[in-house]
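> Taking my numbering, the leading residue of the sequence shown gets 23, the next gets one more, and so forth.
No lab work stands behind these hints, which were simulated from the structure alone. One should not assume that every hint holds.
[Said to hold, decoys possible] Derived EDC-like pairs: lysine to aspartate or glutamate, alpha-carbon spacing no greater than 20 Å straight-line:
(1) Lys24 <-> Glu44
(2) Lys24 <-> Asp92
(3) Lys68 <-> Asp53
(4) Lys60 <-> Asp92
(5) Lys24 <-> Glu94
(6) Lys68 <-> Glu94
(7) Lys60 <-> Glu73
(8) Lys24 <-> Glu37
(9) Lys60 <-> Asp75
(10) Lys60 <-> Glu37
(11) Lys60 <-> Glu94
(12) Lys68 <-> Asp92
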Amino acid sequence: MKLINLITPSANLAELSSIASEHDLLLLRQDAVYLVHKAALPFPGKVLALESDVTWRNITLPASIRAISDAEWVTLSANASQNLLWS
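Kindly generate the complete structure, drawing on both the sequences and the hints.
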């Protein structure tokens, strides 16, 4: 499982999706959490959002995206076979 950290909403999501599989996780961080307002994110795996970034931006998450704590982020990072920062 790859953990892909996305930090900007202007990233090339089509390119990102081409390297991802259904077993990968996409973590929306920083301003990338604004992507939750997009009708459908073109990502084959599960999409998560960093709870602190969601809270600071006063965003309501759809049911399809789960907020995770900083501690959960650390655990996911430690258990992932790869950690990628996509911007």
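> Between Lys68 and Glu94, is the straight-line Cα distance small enough, at 20 Å or below?
Roughly 15 Å separates the two Cα atoms, so the pair holds.
> Going straight from one Cα to the other, do Lys24 and Asp92 come out at no more than 20 Å?
holds (18 Å)
> Does Lys68 pair with Asp92 here, judged by a C-alpha cut-off of 20 Å?
holds (18 Å)
> Lys60 and Asp75 were given as a pair; does the straight-line alpha-carbon distance stay at or below 20 Å?
Distance of about 17 Å is within 20 Å: holds.
> Are the Cα atoms of Lys60 and Asp92 separated by 20 Å or less?
violated (24 Å)
> Going straight from one Cα to the other, do Lys24 and Glu94 come out at no more than 20 Å?
With a Cα-Cα distance of about 15 Å, the restraint between Lys24 and Glu94 holds, given a limit of 20 Å.
> Holds or violated: Lys24 and Glu37, Cα atoms, limit 20 Å.
holds (15 Å)
> Please work out if Lys68 and Asp53 have their alpha carbons no farther apart than 20 Å.
Given that 20 Å is the threshold and the Cα spacing comes to 19 Å, the pair holds.
> Would you check the hint for Lys60 and Glu94, treating anything up to 20 Å between C-alpha atoms as holding?
violated (24 Å)
> Next pair to validate is Lys60 with Glu37; report whether the Cα-Cα distance is within 20 Å.
holds (17 Å)
> Taking only the CA atoms, is the gap from Lys60 to Glu73 under or equal to 20 Å?
holds (18 Å)
> Are the Cα atoms of Lys24 and Glu44 separated by 20 Å or less?
Answer holds: Lys24 to Glu44 is near 10 Å, not above 20 Å.
Comparing the model with each numbered hint stated earlier shows that hints 4, 11 do not hold.
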